Amino acid sequence: MAVEIPKPKHGFRREMSFMERLYLPAIFKGMRVTIQHFFGHRWTIEYPDVIPVAAPRFRGLHVLKRDEEGRERCTACLLCMYVCPANAIHIEPALATPENQDDYTEEKYAKVFEINMLRCIFCGMCEEACPCGSIYLTRDWETSDNDIDHFIYGKDRLMESEGSPLLFKE
Amino acid sequence: MNQTTLTLLIDAGKIAVILGCTMGAVAYTTFAERRFAAFMQNRIGPNRAGPWGLLQPLADGFKFMFKEDFVPEFADRFLYRLAPIVAFVPALLLVGVLPFGPDLVIGSQVIPLQIADPNFGVLYFLAIASFGVYGVIMAGWGSNNKYSIAGGLRASAMMISYEVSMGLAVVGLIMMAGTVHMSTIVGQQDGFFGWFIWKQPLGFLIFVVTTFAETHRVPFDLPEAEQELVGGYNTEYGSMQLGLFQMGEYAHLITASALMVALYLGGWQFPGLNLLENSPILYALAGLTVMAVKVFFIIFVFIWVRWTIPRFRYDQLMRLGWKVLLPLALLNILVTALVILI
Ligand code: SF4
Ligand code: SF4
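Sequences listed follow chains A and B, in order.
Numbering that gives the first Met the number 0 puts the first sequence at residues 0 to 169.
Numbering that gives the first Met the number 0 puts the second sequence at residues 0 to 341.
Take the hints with a grain of salt, since some may be wrong.
[To be verified] What follows is a set of in silico ranges between Cβ atoms, one per label pair, in the way DEER data are often shown:
{"no.": "1", "chain 1": "A", "residue 1": "E141", "chain 2": "B", "residue 2": "L275", "range": "53 to 63 Å"}
{"no.": "2", "chain 1": "A", "residue 1": "D48", "chain 2": "B", "residue 2": "L275", "range": "57 to 67 Å"}
{"no.": "3", "chain 1": "A", "residue 1": "E141", "chain 2": "B", "residue 2": "L54", "range": "47 to 57 Å"}
{"no.": "4", "chain 1": "A", "residue 1": "I44", "chain 2": "B", "residue 2": "F119", "range": "29 to 39 Å"}
{"no.": "5", "chain 1": "B", "residue 1": "G12", "chain 2": "A", "residue 2": "D48", "range": "43 to 53 Å"}
[As the list claims (entries may be wrong)] For the chain A half of the interface with chain B, some residues (derived, Cβ under 10 Å), not all of them:
{"no.": "6", "residue": "F17"}
{"no.": "7", "residue": "M18"}
{"no.": "8", "residue": "A25"}
{"no.": "9", "residue": "R41"}
{"no.": "10", "residue": "T104"}
{"no.": "11", "residue": "K107"}
[To be verified] Chain A is nowhere near these chain B residues, computed Cβ spacing over 10 Å in every case:
{"no.": "12", "residue": "I14"}
{"no.": "13", "residue": "F35"}
{"no.": "14", "residue": "A37"}
{"no.": "15", "residue": "F38"}
{"no.": "16", "residue": "Q40"}
{"no.": "17", "residue": "N41"}
{"no.": "18", "residue": "A156"}
{"no.": "19", "residue": "K198"}
{"no.": "20", "residue": "P200"}
{"no.": "21", "residue": "V289"}
Worth flagging that the hints you see were computed from the coordinates, not collected in a lab.
Every value quoted in this text rests on a predicted model; they were computed, and no experiment measured them.
C-beta atoms are modelled at their ideal positions from N, C-alpha and C, and glycine is treated no differently.
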């Protein structure tokens with residue numbers, strides 16, 4: 000037995016009314032909207048002249064922190080390296096010698112700490128995994144460069160310079 | 000210097016100045032389009048080249064010049080090369096009969112602000128305006144590309160269906176004016192309520208709609224519907240050839256707006272303008288300004304509409320052309336005839 004499918008009140012495709020078929024009233028209505036936008040607010044941020052500040056929670060470029068005495072917090076535990084879903088982190092640990100022990104919190108430290116920013120997906124997992132509060136993602140998002148090799152950020156660019164104000168004190 | 004040489008010189012000067020101004024206007028219409036489009040989308044638009052981005056058209060021109068001049072292997076070289084020229088030249092030819100202002104009287108010399116004033120001005124305009132579509136069809140055929148040919152075919156179909164209504168809409172006006180002489184038509188429209196838009200409102204409406212179709216502007220830009228046809232008839236074009244197509248479109252837009260102003264919106268006439276009549280130079284300048292402002296306003300409306308409404312579907316377009324505009328245009332003629340008779 001055939002069952003009739005109930006139709007919505009106006010049908011799926013109702014006939015257009017006479018006013019609608021004139022098109023012009025609708026067009027004028029639309030033109031009123033666009034002219035309001037014409038005199039409306041401009042949302043454009045003129046980037047190189049005006050640099051927008053990202054939200055505090057923004058996940059941008061990484062920074063490696065130092066503690067209050069200026070020692071590198073990273074102990075090369077490799078947790079961030081293992082947790083990184085994009086395999087972007089490369090660490091070569093080394094043992095601290097008595098001469099340079101003052102620079103490090105523990106006797107093990109990261110001799111090489113590289114993050115490949117082209118692989119990194121800025122998920123923030125490294126930040127979450129780090130037991131020493133060493134690695135953080137900052138608000139800095141200006142990553143563009145002309146040379147592909149520059150996207151592998153070494154310690155020289157990741158490490159907080161000594162004496163710089165601590166952004167996050169935990 | 001005898002009178003003939005003087006007239007020749009003046010004519011040459013007029014041609015140079017008016018062509019130059021038209022080209023400048025074309026350049027800045029592209030700029031205005033981009034800028035206004037941006038404003039309507041709450042953006043800023045090109046503002047880097049020069050103050051307020053005013054040098055942008057220049058930058059665009061240079062960019063076009065330095066692009067590779069490319070002919071696809073499978074194209075019909077002759078038609079492919081010819082098409083941009085055929086699309087561009089008629090648009091410029093149209094400038095020839097447009098009245099830009101009242102006669103400029105310097106001493107005993109009367110200079111009409113119009114390159115040529117033939118007594119078949121309106122007909123000339125309508126005839127030449129439809130030439131532009133040949134360029135589009137040639138481009139579509141010559142590119143040997145299915146998208147291009149679809150664009151070209153659409154352009155020709157549109158031209159056929161809208162040209163008729165446009166011509167018929169103008170017939171009503173011609174009946175009222177009793178002439179096809181451009182400057183006479185403008186001269187008849189003194190006083191705000193003398194403008195033909197008040198005597199021919201329906202004709203004006205039809206004329207506006209068909210002008211949108213003639214100049215391939217949204218909502219009738221089917222020949223270059225980006226979403227369906229890549230770039231339409233100009234898919235295969237690049238460098239200055241593409242530039243020529245675009246310049247042709249904008250030149251056509253400007254001349255069509257100027258025609259609309261001349262026929263329906265009083266041309267260079269404006270209430271109160273004839274107070275200046277005893278200082279002819281000032282009068283001419285004021286007339287030119289009024290004309291420029293009106294044309295600019297019409298162009299603005301074109302841009303405004305473009306960034307407001309979506310494109311018509313092909314069948315809607317054809318239905319509108321044949322089943323709505325054509326009968327309306329005929330009705331317009333009938334009513335006009337009755338009014339004149341009474
Ligand atoms: S933010 Fe994510 S992807 Fe980037 S280095 Fe840290 S863990 Fe790896
Ligand atoms: S940054 Fe943190 S998680 Fe990564 S190796 Fe150093 S201490 Fe371990």
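These are the hints, each one checked on the structure:
1. A:E141 - B:L275: 53 to 63 Å: 59 Å, holds
2. A:D48 - B:L275: 57 to 67 Å: 46 Å, violated
3. A:E141 - B:L54: 47 to 57 Å: 28 Å, violated
4. A:I44 - B:F119: 29 to 39 Å: 55 Å, violated
5. B:G12 - A:D48: 43 to 53 Å: Given about 44 Å between the Cβ atoms, the range holds.
6. F17: This hint is violated: F17 of chain A lies away from chain B, its Cβ roughly 12 Å from the closest one there, beyond 10 Å.
7. M18: M18 of chain A check fails; min Cβ-Cβ to chain B is 15 Å, beyond 10 Å.
8. A25: Given a least distance of 8 Å, the restraint on A25 of chain A holds.
9. R41: 5 Å, holds
10. T104: 49 Å, violated
11. K107: 52 Å, violated
12. I14: The assertion about I14 of chain B holds, with a minimum of 36 Å to chain A.
13. F35: Since the minimum Cβ distance to chain A is about 7 Å, F35 of chain B lies within 10 Å and the statement is violated.
14. A37: 8 Å, violated
15. F38: 5 Å, violated
16. Q40: The claim is violated: Q40 of chain B sits with its nearest Cβ about 7 Å from chain A, within 10 Å.
17. N41: Nearest chain A Cβ is 5 Å from N41 of chain B, so the label is violated.
18. A156: 20 Å, holds
19. K198: Correct as stated: the minimum Cβ-Cβ distance to chain A is 20 Å, above 10 Å.
20. P200: 12 Å, holds
21. V289: 23 Å, holds
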